[in-house]
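Take each chain as given, in its own frame, and dock them per the hints.
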Amino acid sequence: GAGVSQSPSNKVTEKGKDVELRCDPISGHTALYWYRQSLGQGLEFLIYFQGNSAPDKSGLPSDRFSAERTGGSVSTLTIQRTQQEDSAVYLCASSLLILAVGGTDTQYFGPGTRLTVL
Amino acid sequence: KQEVTQIPAALSVPEGENLVLNCSFTDSAIYNLQWFRQDPGKGLTSLLLIQSSQREQTSGRLNASLDKSSGRSTLYIAASQPGDSATYLCAVRLRDYKLSFGAGTTVTVRA
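Sequence order for the protein chains is A and B.
Using the working numbering, the first residue of the first sequence is number 1, and each one after it goes up by one.
Using the working numbering, the first residue of the second sequence is number 119, and each one after it goes up by one.
Bound conformation, chain B alone (with noise of 0.2 Å):
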């Protein structure tokens, strides 16, 4: 079974820093891996899908990358923002389709 884990599980910075968010995954036969964003009360955002052969992917001031051999992903958000606030969780898909989420890191940027 995949076990999906996020560190930390919160984290409150000033704005302007960077964010540093971990996942890691147990399993390396992934297809892929996705970064979405969720706000209280809403449903789940994509920001990042990073396709199994590739090594990271990057929108604007987000950057992802994978390492599938040491079963991680790490998503960099640069120069944070108040707007950043909210929880983002990292899900793996393997080969039968469904994604398997982690917990979530809890983000506050403090203006």
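Bound conformation, chain A alone (with noise of 0.2 Å):
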């Protein structure tokens, strides 16, 4: 089946304007990661959703960002008023569901949005 697919794969705004980006888990996947990977800094949790809930948002850097998931698939990752800190690869992935300790949840990464901020 297909895997986690993002869109735009790239994206390139001026400093101030708002993005979105969106992620297509794969069918079935009940959760739903966010990350970011900028140069120097490696790659950053940002968010999860268990369904379409987010009971972990504890990475995202700033009120700017946000991100909802709408019927348990598609989720879309927002960013206002955007500054050129945020030029980054923002990666998604999905597993198919979150279990208890010892449990198997292999995250499945998309290819990422690149994003460039002017």
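There may be inaccurate statements among the hints.
Claimed, not checked - Derived list of chain B stretches under chain A, where covered just means 3 residues or more per stretch with a C-beta under 8 Å from a C-beta of chain A:
(1) 161-168
(2) 215-226
What the hints assert, rightly or not - With a cut-off of at most 25 Å between alpha-carbon atoms, the simulated SDA-like pairs for lysine to any residue come out as follows:
(3) A:K11 / A:P61
(4) B:K186 / A:Y108
(5) B:K119 / A:S73
(6) B:K160 / A:S38
Calculated directly from the structure, the hints in this document are not laboratory data.
Here a beta-carbon is modelled for each residue, glycine too, at the ideal position from N, C-alpha and C.
Shown next as structure tokens:
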């Protein structure tokens, strides 16, 4: 079946504009995650969804960042009033479900959206 | 806060040599540890996932070990090939379900 897809693959925007990044998880995966990969900073967790709810938003860097998920499927990450430091690759991942200790929940990643803020 | 460190940051070997990539983490209360591969401009591909109760996992030429008590994992790639050239990332999952990543080891296999 299809893997995780993300759109757009590349986005160039001007400072101060809003952007929306989309993630289509693997069908049937209840858990969805957003990560950010910046040059020199590695991969950092942003937010995860279990179904449509987001129990952990601890990684969102500021209140300019928000995310939603509808129908337990597609998720959108929105960045308002973009800044140059928001430039990064935004990766989305999904997993079948979140299990307890010792469980298997391999995360499958999409190709990412490369965001450049001028 | 979980800190994940990968050593070395970069590695260059001739084709056929075995690769040894190291990952260390500070909080041993992990649920599992996952090794990923990332090719330039691409997303992450999961290679191996080791559950907290396991000591190793194998897939083809890849073998990953886990020593929770010492906070270490090692990824072995046997008989390396030029196609193995990529960045390898180690990630650990704690009880809060998110993955904490190392900075990665960039591998170059010379033909």
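Evaluation of the provided hints:
{"no.": "1", "hint": "161-168", "verdict": "holds (count 5)"}
{"no.": "2", "hint": "215-226", "verdict": "holds (count 8)"}
{"no.": "3", "hint": "A:K11 / A:P61", "verdict": "holds (19 Å)"}
{"no.": "4", "hint": "B:K186 / A:Y108", "verdict": "holds (24 Å)"}
{"no.": "5", "hint": "B:K119 / A:S73", "verdict": "violated (30 Å)"}
{"no.": "6", "hint": "B:K160 / A:S38", "verdict": "holds (14 Å)"}
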